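Kindly generate the complete structure, drawing on both the sequences and the hints.
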Amino acid sequence: MRIMFDSGSTHSFINRIALKRTQHLPIHFNQQHYVMADGHTTFEVIGTVRIFIELNYIKTNIIVGVVNSLCTDCILGMDYINKYKVNLNNKQKQVQVYTASQKITIPMED
Numbered sequence: 298m299r300i301m302f303d304s305g306s307t308h309s310f311i312n313r314i315a316l317k318r319t320q321h322l323p324i325h326f327n328q329q330h331y332v333m334a335d336g337h338t339t340f341e342v343i344g345t346v347r348i349f350i351e352l353n354y355i356k357t358n359i360i361v362g363v364v365n366s367l368c369t370d371c372i373l374g375m376d377y378i379n380k381y382k383v384n385l386n387n388k389q390k391q392v393q394v395y396t397a398s399q400k401i402t403i404p405m406e407d
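For the sequence shown, this note's numbering assigns the number 298 to the initial residue and increments by one for each residue that follows.
In case anyone wonders, no lab produced these hints; they're calculated from the structure. Small disclaimer: the values here were computed from a predicted structure and weren't measured. Do not rely on the hints blindly, as some may be mistaken.
No farther apart than 30 Å at their CA atoms in a straight line, the calculated lysine-lysine pairs in the DSSO-like style are these [said to hold, decoys possible]:
1. Lys356 with Lys380
2. Lys356 with Lys382
3. Lys317 with Lys356
Distance windows between CB atoms, simulated [stated by the list, open to error]:
4. Tyr354 with Arg299: 16 to 26 Å
5. His330 with Thr402: 14 to 24 Å
6. Phe326 with Cys368: 18 to 28 Å
7. Met301 with Lys382: 11 to 21 Å
Quick reminder that beta carbons are idealized off the backbone N, C-alpha and C, glycines included.
Right, here's the structure in full:
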């Protein structure tokens, strides 16, 4: 799955098609509209769901908005970044994710 960390997004989102390939709890269907960073463009969220993301054999989880169309499979926003103290280390091209007991380091792709 292609994941994009987005510090400009307050919430996390997943493409409905990509959701089918994940381990997740049942979707709570509650239609919402979000405004993008340009302040004008809106997009529709069809519901929310808790997904489980495995990074180097460590499971993390977050509640995401489910959308019909997205620029990637999943966008992890500031809710995930803050929850797991994510460090986007561009100099070393690494992403570090901290759980209560471990630090996970994964390579960053361009």
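Quick rundown of the hints versus the structure:
Restraint check: the Cα-Cα separation between Lys356 and Lys380 comes to about 13 Å, which is no more than 30 Å; the hinted pair holds. For the suggested pair Lys356 and Lys382, the alpha carbons sit about 15 Å apart, so the restraint of at most 30 Å is met. Straight-line distance between C-alpha atoms of Lys317 and Lys356 comes to about 18 Å, which keeps the hinted pair within the 30 Å bound. Distance hint for Tyr354 and Arg299: a CB-CB separation of about 20 Å, consistent with the stated range 16 to 26 Å.
Taking the beta carbon of each, His330 and Thr402 are about 36 Å apart, not inside 14 to 24 Å as hinted. Taken as a hint, the range 18 to 28 Å holds for the pair Phe326 and Cys368, whose Cβ atoms sit roughly 23 Å apart. For Met301 and Lys382, the Cβ-Cβ distance of about 18 Å falls inside the hinted range of 11 to 21 Å, so the restraint holds.
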